[in-house]
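Participant: Listed below, chain by chain, are the residues.
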Amino acid sequence: MKKLLIYFMFFACFTNCNQEKINFGEYTPVPVSLEIPTLFSDKLIEPLIPINNPLTEEGIALGKKLFFDKILSGDGTQSCATCHNPEKAFTVNTQFSDGIDGNFGTRNSMPLFNLAWNFDERFTWDGKEITIEHQAFEPVINPIEMHNNWVIVAQKLQNHPEYPTLFKNAFGTSTIDSTLVTKAIAQFERILISGNSKFDKFQRGETTLTPQEQNGFNVFMDEDRGDCFHCHGSDNNPLWTDNKFHNNGLDAVFSDLGLGAITGDPNDNGKFKSPSIRNLAFTAPYMHDGRFSTLEEVINHYSEGLQNSSTIDPLMKKVNDGGVQLTTQDKADLKAFLLSLSDNDFISNPNFRE
Amino acid sequence: MKKIISLVFLILISFISCDEKECCVNLEPAQVTLDFTHNWNETSVNASDFSAFKFTNENGEEVSIENLRYLLSKIKLTDTNNQEIVLKDYQLINIGEETGLQLITENIPTGNYNLSFTFGFSDADNQDGIYQDLNTANFNVPGMLGGGYHYMQFDGKYLDTANMEAPFNYHAIRAVDRSDPNNLILEDTSFLVDLGNVEISNDMNIEIKMNISEWFKNPNTWNLNELNTVLMPNFAAQKLISANGESVFSLGEITSN
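Protein chains in written order, with numbering that gives the first Met the number 0: chain H, 0 to 353; chain D, 0 to 256.
The set of hints was computed from the structure by calculation and includes no laboratory data. Hints are all accurate, no fakes.
Just some of the chain D residues that point at chain H, by a computed CB distance under 10 angstroms:
| hint | residue |
| --- | --- |
| 1 | Asp132 |
| 2 | Pro141 |
| 3 | Met143 |
| 4 | Gly155 |
| 5 | Phe167 |
| 6 | His170 |
| 7 | Leu230 |
| 8 | Pro232 |
A short list of chain D residues far from chain H (calculated; beta carbon distances all over 12 angstroms):
| hint | residue |
| --- | --- |
| 9 | Asn38 |
| 10 | Gly59 |
| 11 | Ile84 |
| 12 | Gln90 |
| 13 | Gln101 |
| 14 | Leu102 |
| 15 | Asn113 |
| 16 | Ile184 |
| 17 | Asp202 |
| 18 | Met203 |
| 19 | Glu245 |
| 20 | Phe248 |
| 21 | Ile253 |
| 22 | Thr254 |
In silico contact screen, one side only, chain H against chain D (beta carbon under 8 angstroms); selected entries:
| hint | residue |
| --- | --- |
| 23 | Leu43 |
| 24 | Ile44 |
| 25 | Phe118 |
| 26 | Asp221 |
| 27 | Gly232 |
| 28 | Ser233 |
| 29 | Asn236 |
| 30 | Asp241 |
| 31 | Asn266 |
| 32 | Leu314 |
| 33 | Lys316 |
| 34 | Val318 |
| 35 | Asn319 |
Here a beta-carbon is modelled for each residue, glycine too, at the ideal position from N, C-alpha and C.
From just these sequences and the hints, can you work out the full model?
Facilitator: Pasting the structure below:
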C-alpha cells in the first residue's frame, strides 16, 4: 500500500514537469498541433504559439466562424474574409480595400499564411501591430475597415444563439469579450500554412523544374543578377521572406512613411515589411500600396526602376544605375520561378473555406 | 525498507531534475559573461550610430553603417591541460537589432584559460542548411556559391569620388571561384581568433571588442570605390576580407563582479 502511494507520488512529480493540461471542468477543448510541412520542420525553428493561447479544435473552429462572419462589422456587410479571401491566398485583388463606409485605405490588403513563423511578431506593412492576437483588435474598430465598436460586437455575439456555447467550449466561459474573440481568430490564422507549391515539391524530389524556372531561381539567388535572397528567403528558408523592414526603392519621396511613422525614427521612413513571395499568382496587385498590377512591373522595378532616397536599403546595390539590369530572358525566367512558389492546395483547402 | 528508501531517493531526484541543475565538479564555479562590443578606432559603435555618415575609413571614404551582423563559432576556453570548454557552438551577433551581444555561461571551474573562437564557420561546420536558427535568420549562402552560411553581412553606404551616396555589401563568406559553375573551387576563409589568457577567479564579464574600421585597414587598405558590392562571388575579395579580419578582434576589459 505504502509502495503504491510512493509510486503514485513518483508519477505525480514526473507529470509535474510537463505543461499543464487545459481543463475547464465540464468541457475540455481538444489540443491541436500544427501540421508543419516537412521542409519547414527541417529548415526552420518551431513556430510561435503563445502559451496563453494554445491551439484547440474548438478554438480554431470558433476563430474560423468569426473570421467569415459579418457580425463583426458595423453594418453587417463585412467580415475579415471580405478583404482576406481564401481563394486569393487570403488577400483581395483590389489595390486598396473598400471599408464598410466605402472609404478606401491607402494600403493593399495582405495575404495571410505562415504567420506563426513571423518571429518578431510585427504585423501589417509597417509593423504597427505586435502579435496576431493584437492585430485582430484593429480591423473591427478601424473606421475605414469594419468600423465597429468592441462593446457592441461582444454584445451581438453574446445575444447570438450559437456563439455563447462555442466560446464556452473553446475557452470555458460563455462571457464573450474582445480578448477571446481575437484569441479565437488568431488560432484560425495560425493554421493557415502554405508549403505545397511546385517549388516545395521540387525540393522534396517529387517534381522537376523547367529550365526557365531553374534559371529564374538562379537569377533570384545570384548576387550578381537578381540578388533577391538577401531579403526574400531561399531554398533554405521556405518562408521566402525575412519578415524584416526595408526600403526597396519604390519612391524618392514618401507619401507613406511606413515603419518610420511607427518608430518615429526618420531612418525608418519608407521601410515596409518584406512580403513572402509565395502565392504571387493569387495576390496581385503588389507592394504596400498595390502600385504594380503585374509581376513584370515588379521585376522591371528591381531591374531598372529603383528610386534613390536616404533610407534605401544598401542591398538595392545598383540603385545608381536604376537597378540590377536583368536581361529579357532572365526577367521572364525570374517570373516563371516566382510563380512556381504558388500553392494551389493552399487556396483550395476546404479547411480554410467558409 | 531499503527499496522504499531508494524510491524516496528517486523521487527526490526527480523533483530536483525539474529544476536547473547546479553542477557539482567545482565547489565555486564562476559565471562567465562575454560582452561583444564594437568600436570604430576606439569610438564606441552601437545601433544608434547606424544610418549616419559618422565614420571615415582608412582610404578616406565617409561611411554609414546600416546593417552589421556576424557569426562566431567554437567560442571556447582552453585550460592549461588543453581541456576545452565550448561556451557556445556558434553565436550570431546583430549590432543593429542588438541581439547576441552577450553570451552567459554558468559553472565554469575557476582557473587559467585561453579564450578563442572562429570568425565564421570553418569548413567542417559550414554545412548547407543545417542550422535552423540561422536559416530562419536568413543567413545562408546560395548553393551556387558553395552553400553554407555567411560569416558576416556588413551593409552600408559610402560617399563615392563624386560625393554621391553609394551602397556597399561587405559580405564575408567562404571564398569561391565559380569560373566553372559545375566545379566550384572553395577555400575556407574563416579564421581563428586567439584572444590570449584570461584568469577566471570568480563571476566575471569579459569584453570582446571588434574594431570595425580594421575591416578597411589592415593589411589591405580597402577602397570602397573599387570593392563595394557583389563581393560574395569575388574570390580575391574574400581573401582580402579574411586577411583584414585578423586584426579586428581584441580582448577588452575584464571585470569581476
